[in-house]
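Enquirer: Could you build the full structure based on these sequences and the hints that come with them?
Line order of the protein sequences matches chains A and B.
Mind the numbering: the first sequence is residues -8 to 250 in our numbering, read in order.
Mind the numbering: the second sequence is residues 16 to 688 in our numbering, read in order.
None of the hints are false.
With a cut-off of at most 35 Å between alpha-carbon atoms, the simulated DSBU-like pairs for lysine-lysine come out as follows:
| hint | chain 1 | residue 1 | chain 2 | residue 2 |
| --- | --- | --- | --- | --- |
| 1 | A | K193 | B | K291 |
| 2 | A | K220 | B | K485 |
| 3 | B | K349 | A | K192 |
| 4 | A | K43 | A | K200 |
| 5 | B | K51 | A | K191 |
| 6 | A | K43 | B | K397 |
| 7 | A | K63 | B | K425 |
| 8 | B | K513 | A | K191 |
| 9 | A | K192 | B | K51 |
| 10 | B | K397 | A | K191 |
| 11 | A | K221 | B | K425 |
Here are some, though not all, of the chain B residues that point toward chain A, as calculated from beta-carbon distances under 7 Å:
| hint | residue |
| --- | --- |
| 12 | L393 |
| 13 | E395 |
| 14 | G396 |
| 15 | A403 |
| 16 | G417 |
| 17 | S421 |
Treat the hints as calculated values from the structure; they're not laboratory data.
Cβ coordinates follow ideal geometry from the N, Cα and C atoms, glycine included.
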Amino acid sequence: MKIAVLVKQVPGSESALRVGTEEQWVDESALDFEMNESDSYALEEALLIKEKSAAGGEVVVVSMGPPERTPKVIREALAKGADRGIHIHEEPPYENDPFLIAGIFASALRDEQFDLLLSGLQSADLATGQTGVILGEFLEMATATLVMATELQDGSIKVKRELESGWSQWITLPLPASITIQSGLNQPRYPSLRGIMGAKKKEIKVLSKADLIAGNTPLQSWERLYVHKKEKRTEMIEGDLNQVVDQLVNVLRTEIKVL
Amino acid sequence: MAEHYEAPVLFYIIALFALVYMAYNLRRFFTVRRGKPETDRPVKFLSALINGLFFGIGQRRVYRKTFTYAAVMHFLLGWGFMELFFATTVDFFSARGWFVRYLPELDTPWFAALNDLGGLMLLVGILMALYRRYFAKPEPLPQDGFGGRWNLLGDTGILLLLLLLVLGGFVTEAARIAVTRPATEAWSWIGYPLSKTASASFWETVRPWLWWFHAVTALAFIAVLPLTKMFHSLAVIVNVALTNRDRRGRIRPMHVSQLMEDPDVDLENLTLGVNKVRDFTWKQLLDSIACTECARCTSVCPAYNTGKPLSPMKIITDIRHSLYEQTFGGGEEKDLINGKISETELWSCTTCAACMEECPVLIDHVPTFTDLRRFLVLSEGKPPAQAASHLEKMMNNGNPWGFAQSDRTKWALDGGIELPLFSVKKKAQVLYWVGCAGAYDPRNQQVARAMVKIFEAAGVDYAVLGNEEKCTGDSARRLGDEYLFETLALQNIDTLNKYEFDRIVTACPHCLHTLKNEYPDFGGRYDVQHHSQFIHELIDGGKLKITSSSDRKITYHDPCYLGRYNGEYDAPRELIRSTLRNGELIEMDRHRNTSFCCGAGGGNMWHEIDRGERINLSRFREAIDSNAQTVATACSFCMIMLDDALKVTEQEKNMQVLDLAEMVIQAMEPDPD
Ligand SMILES: Cc1cc2nc3c(=O)[nH]c(=O)nc-3n(C[C@H](O)[C@H](O)[C@H](O)COP(=O)(O)OP(=O)(O)OC[C@H]3O[C@@H](n4cnc5c(N)ncnc54)[C@H](O)[C@@H]3O)c2cc1C
Ligand code: SF4
Ligand code: SF4
Ligand code: SF4
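Expert: Given below as structure tokens:
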């Protein structure tokens, strides 16, 4: 069983985010980064699947990001038990179109012939929720999203998908398959020091985005990153009852547009 | 000269066998060679001598709580036993005619009287012990009647054997007096009246039988002593003598960073932490074989007392049990964790040090427990599930709450305070170490703001590290994550070494302990003060004026890491007294070195053992019962735990929980009267 896990490094959930100077991305200078939450569950699920399958296998962790910080998250995954890493070097501005990102991953992973591809349900920063699915399509894999449980079978994988309002469904996908993982389906392990020391000896293959991007085109482009301005304004409407009602109706209709 | 019953040759042969067998059984001591070398705790000759005398023979710790049942009982047993041992040795010498010029005779008046006293003490002690085991039955005391846990004769059997010895001693003495009728016989104030209870001819007939009976029981006792619970009388002396009291309670550094640099390290066979007996140091094993199973540690343990599955005594004796199983039992080397010791037991410990404070034989529980925890975290990657995410946050964000590192001074900005930063000033007399709780926890932020007011009111030249400060790693270290602790420690030491300051002041005893006592092992040596000591100095030096005084009843909760770990009990109390007018400082039952933990230590701030009562509630009820209106704290974690208990017990209307710094600020406000 050869499994790839997509792991993204994102700003910590308590980060104080500020828009960067070019209004293209957040200012990263004072941020603490961590492994995207659902990706850490995807990693754990991959490790569990490998440990449970009699034939063993390999878990390969894949991440795209800048060389200054991304190796940390790959090492963390290796420390927890992934067997090797693939790091796609990417300098800012970072790609933000899931179609293009998935295309880059497809170029990087196609030749590896993975049986299973696990990714997080969505990344904490972009939160588009599509990367794993599009990548699955590119690699001609069966896909499923929002997976809450997995059961590996002979040549296929049975997964439980979360639906709305507490509903869920079990479906079976033939292998190879790409599934996106919902947080909470397992208990991600803590890296042992033995694991951390072992991780230093594990291979991280470096690829460059520039080489992989050829032939892929984005479907969307990012105009501007900004914070909604919240405004509180109080306007006193004065006059006799009829005037006040007329004016109120007018404001509701033209300014607030609820009527 | 008194006449001695002529011992037949047979006696000497048996005595020789008994002694040889005893010496052979002393090999129990050598089982500790299975442990690793002790590099962290050098043994010093002079302190070995002093420790051996005071804590071993003097049993200093046994009698600290002077008039408890157990202390009186052990006093009678211990000193009665030693007196009789002395008497027997003297008798042995004088019977051989050795040193007779210097030694008293059995019938020398004072010696005769003393020996009967010794016998009586031992007898009463034994009866008290039997009563305790069979009727009083204090809960944590082990109840292995006649065997078990590698104690020959068990807990009761050995008492009965001692009883036979004393009773035998008295009747043998009576027979001797009845037959020889020494002139000073009345001085044997028990043996003499006893000798009058039967006719001289009766004593004459039974004397050889009695003599043999007493001789054989005595020799048997000596022969098996190292196999029974009485082994402690020897092991304890050796153990306390070899204890390095300066390092006691200190966690052994692993120097993980060196290990990580080592290219030849054999990952497959590397043990991180302890899971097998041989992974302990010889001193840790010696601790285990010296444990007297008195259960004093367990009886004060906050985890045990609130229904958690932890008894420090059990863990120490589990280690011994496992050691003996492997050495004498020839058994295979078994894992300790999830064998005899469960993970929940280990995670229940708050590292409050109450057990170490109480232990009469200076056993070092917490460092030993930490080594076991280290195995779970460093080898297995299994910290308590709830704590794991906090450890990850410490790694990623530099604080266990997971707030942004760049928000470390938000508490000041939000309060309109402009903090002097070392990154700007480079140099200040006082480095105020805010700590993660002070920086991020809303309740402790108030304490941090009070600290700033105090610095400013007293005109102190101070600065903070601001966003350069990271968690000291206290919780990580207590939870067994030495890698994380060392990573943070080395980063902080790097930062601290960039700047110039005379001392560090902190309001958190956990930060204090780590910075002051643990960073030196990693190259960071600083003069560190707790804020109670610093503020007390300011008031004493007239730099801070107390203008209004309180009429409240105040009780003070001694934080474990300030009190037991750093010996500071007085500065906080004096500080409180300096703010009082008609108010008073009342003590809870458990205070100073017997203080009862709030429950947050040992990393337990970040996870909860879901069993029994919550420790903070148990402690807070004690505060309620003291009738205090204010509970004073001097620790960031205590503040969180007690403040939570205040709300849970719905006492907010009647009581308040205040840090010392906040109390001082209140006392600096102009008096309303
Ligand atoms: C149940 C549910 C209900 C929703 N309801 C709403 C709603 O009501 N309104 C609304 O606006 N939205 C909603 N959403 C969100 C919306 O569906 C998503 O925004 C969108 O579908 C996410 O697309 P994405 O593939 O681009 O995800 P991405 O954010 O791109 O990421 C998905 C995964 O791909 C991998 N990945 C991506 N980039 C990298 C990289 N650089 N390196 C390594 N791995 C990487 C990671 O594993 C990541 O977790 C909902 C989502 C769900 C799941
Ligand atoms: S340190 Fe405290 S909690 Fe831990 S075993 Fe000792 S007494 Fe119990
Ligand atoms: S560890 Fe110390 S206090 Fe606890 S039972 Fe043993 S000797 Fe007594
Ligand atoms: S938080 Fe306070 S009482 Fe609790 S362990 Fe720490 S110092 Fe002790």
